[in-house]
Amino acid sequence: MPLLGYIRSMFFFSVPLGKLVRRVTRLRGGGSAFPGLVVEKIDPGFMARTLTTLPHGVAVVSGTNGKTTTTKMVVELLESQGLKVFTNRTGSNFTRGVAAALLGEVDWRGRLHADIAVLELDEAHAVHFVNRVPPRYSLLLNVLRDQLDRFGEIDKTAELLQHVASKTTGTVVLNREDPRVARIAGALDQPESGGAEVRYFGLDDSLLSTFPNDDDMRAGPGSPMPVVPERPDADVVLRRVGVDDADFEYDGAIVTTHMKLRGVYNIFNAAAALTLARCIAGQGSGPMDHKSLLSALSNVAPAFGRGESLIVDGLPLDLVLVKNPSGFRLGLKSFPAGGYATMIAINDNYADGRDMSWLWDVEFDSLRNGGVDQLSGSRAYDMALRLQYDEVPVGGVDTDITSALAAFIRDAKGQPKRIFCTYTAMLAIRRELSKITTVEVVS
Amino acid sequence: MTQEASENKGTIRVVQLYPRDMNIYGDWGNALVLKRRIAWHGYTPELLEYNVGDDFPEDVDVIVGGGGQDSGQLVIQADLLSRGSTLQELAEDGTPMLLICGMYQLFGRFFKTRTGSVIPGIGVLDVETHGTDERLIGNVKVESEEFGEILGYENHSGQTTLGPGIRALGTTAKGTGNNSSDGQEGARYKNIVASYLHGSLLPKNPAIADFLISTAVERKYGSFTAGAPDDRFAVLAREHAGRRPR
Ligand SMILES: [Zn+2]
Chain A
287 MPLLGYIRSM FFFSVPLGKL VRRVTRLRGG GSAFPGLVVE KIDPGFMART
337 LTTLPHGVAV VSGTNGKTTT TKMVVELLES QGLKVFTNRT GSNFTRGVAA
387 ALLGEVDWRG RLHADIAVLE LDEAHAVHFV NRVPPRYSLL LNVLRDQLDR
437 FGEIDKTAEL LQHVASKTTG TVVLNREDPR VARIAGALDQ PESGGAEVRY
487 FGLDDSLLST FPNDDDMRAG PGSPMPVVPE RPDADVVLRR VGVDDADFEY
537 DGAIVTTHMK LRGVYNIFNA AAALTLARCI AGQGSGPMDH KSLLSALSNV
587 APAFGRGESL IVDGLPLDLV LVKNPSGFRL GLKSFPAGGY ATMIAINDNY
637 ADGRDMSWLW DVEFDSLRNG GVDQLSGSRA YDMALRLQYD EVPVGGVDTD
687 ITSALAAFIR DAKGQPKRIF CTYTAMLAIR RELSKITTVE VVS
Chain B
5 MTQEASENKG TIRVVQLYPR DMNIYGDWGN ALVLKRRIAW HGYTPELLEY
55 NVGDDFPEDV DVIVGGGGQD SGQLVIQADL LSRGSTLQEL AEDGTPMLLI
105 CGMYQLFGRF FKTRTGSVIP GIGVLDVETH GTDERLIGNV KVESEEFGEI
155 LGYENHSGQT TLGPGIRALG TTAKGTGNNS SDGQEGARYK NIVASYLHGS
205 LLPKNPAIAD FLISTAVERK YGSFTAGAPD DRFAVLAREH AGRRPR
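Protein chains in written order, with this note's numbering: chain A, 287 to 729; chain B, 5 to 250.
One thing to keep in mind: the hints can contain errors.
Computed cross-link-like contacts, DSSO-like style, restricted to lysine-lysine with a CA-CA straight-line distance of at most 30 Å [as the list claims (entries may be wrong)]:
(1) A:Lys577 <-> A:Lys546
(2) A:Lys721 <-> A:Lys546
(3) A:Lys442 <-> B:Lys13
(4) B:Lys178 <-> B:Lys194
(5) A:Lys619 <-> B:Lys39
(6) A:Lys577 <-> A:Lys370
(7) B:Lys224 <-> B:Lys194
(8) B:Lys39 <-> B:Lys13
(9) A:Lys442 <-> B:Lys194
In short, the hints are calculated from the structure, not lab data.
Whole structure, please, built from the sequences with the hints as guidance.
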């Protein structure tokens, strides 16, 4: 069978060849995805074959907000249970990126020494990926108004996530509080007929109001709160968020734990990660180690660029990434303005989204008392105009981020500082800050 | 920065159409701008909502309606048709209205989807819209004789053409507007301003906001005396937005 022999030899050579390409491109300082492209070209089945043979298969994390931090949390929670986890840390072209990352991890015979792969899946790449590699687990976080520039409509994003769920073979973990995500359960086959099992993570009723969904987003001040509908039971429920701790309820008991993470929305994503990690670790041979699970949970820190605290002039400077109305609202709620000097930097580069309409779906009343000290970014004046209409006093406005940041740090000396910024504004601010303080190095 | 009404020159009632189901892309911004500017001009704003199944408000002075997901449009469609004659009367009578995106389409004669099904509109505006595969997205600059340069952002796949009984809001200098062929954007009829532009539209285009307000006041009280809103940020936001790429 000459054809089969030919295919076999291709399999046999693709991994060593890919690893070689990877070494060479590394030496030349080349892009991270190129070796992945090479191996995918000569051996298209490489990725699926390598991933699906893992003992616990593949878990994917998707949704519009918080998938990077949540993926990181799932990985750390699973590692606390002694699992060896493969994950994708690169943001470049997804499939090639995963293939390239795999090449770095597999041995020369193409075997990956891991128990499970936990992958962050961009909605744009979701369909293509799950068609090739059906995941055993999927965690679907939310569908927020975010990438309308690219997808046109929120409902379309929900359809993409539903497709991910329909390809999942084991367990689908859904956000009970996001109607577009929770609805996916109804579209899946029953487990008896081959559909995945569904589990939920949820919020205490008292926290629901801090998570507006896009449907009641615009509700102006004084609009009646919608009635809380009947909801299914959740595997993990976030009951309370304190200054540096939180209460989670699962297995019928409430557990209080310290949290390094800040912001209600990050901690809600921790409940999501906990739900998925409990599913996966619960399938293992031994019992779960609750003590190390909780200690891992209390130690998770946000992923790069998703909100972090730096030290400038001996005082904290918090960077809060805002990229859509829900995120901005949650950021304002999670990080009260009192005692802090505030800066907002809004860019409208492609990665930020060009449409500024979303700023009008955020209420800025909570900044009215202290005002905003400095505005920056290419759309600094759009932000100034937005604040004017919410009667929030504005200090300096300067579209140039370098000089705006210098003025902010100079004028707010002696105060803790907080900067709300869009993605590319955050990159620019980190670059500037790295000149005056130690900023975590990004790999 | 805030100019409170020093004397009460009268009340202006602004009705938001279907804010529960049609409120995407910062449509709240248009309602908020009307609310604040009415006060800055010395009048008292009253903001009302009309949602599916509500009683239609009495004594309406200004109407604003926004865009929505396809799902939102389906929810409101029957209710809107049942209110067609009321809205038609208000429009013919000269009530100022701002209709953005989805509501612009539904105030027209019909929307024909890509698959050929026809969604009837209420026919207040002599326009028709055809669904396409092409999504028109990006910053837009429009030249209008009436309002000067209009700045905003479009995101739609329906393409609208104007009938003989209606004129465009302006001509596009950047971006697409109503459709990919005739270089026109929006519609003007009686005191209705209809447009595909979000941004939101009114904050950076205070001339349109003040047109709606002054028309409403004149209709109700006979004459309008303007206040002095501080538009320095609006001027700068327009300058910077106008320089941004498509
Ligand atoms: Zn629109």
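Between lysine 721 of chain A and lysine 546 of chain A, is the straight-line Cα distance small enough, at 30 Å or below? Between lysine 721 of chain A and lysine 546 of chain A the Cα gap is close to 26 Å, so the pair holds against 30 Å.
Is it true that the CA of lysine 442 of chain A sits at most 30 Å from the CA of lysine 13 of chain B? violated (47 Å)
Restraint status (C-alpha distance of lysine 577 of chain A to lysine 546 of chain A at most 30 Å): holds (17 Å)
Can you confirm whether the C-alpha distance between lysine 178 of chain B and lysine 194 of chain B stays at or below 30 Å? Distance of about 26 Å is within 30 Å: holds.
Between lysine 442 of chain A and lysine 194 of chain B, does the CA-CA distance stay at or below 30 Å? Measuring from Cα to Cα gives roughly 37 Å; hence the hint is violated.
Has the given pair, lysine 224 of chain B with lysine 194 of chain B, been kept, meaning a C-alpha gap of at most 30 Å? The given pair, whose Cα atoms are some 16 Å apart, holds under the 30 Å limit.
Hey, lysine 577 of chain A versus lysine 370 of chain A, does the alpha-carbon distance stay inside 30 Å? Since the Cα atoms of lysine 577 of chain A and lysine 370 of chain A sit roughly 18 Å apart, the hinted pair holds (cutoff 30 Å).
Below or equal to 30 Å on CA atoms is what counts here, so check lysine 39 of chain B against lysine 13 of chain B. The hint holds at about 15 Å.
Run the distance test for lysine 619 of chain A versus lysine 39 of chain B: straight-line Cα separation, threshold 30 Å. Judged against 30 Å, a Cα distance of about 25 Å means the pair holds.
Checked against the numbered hints above, the structure violates hints 3 and 9; every other hint is satisfied.
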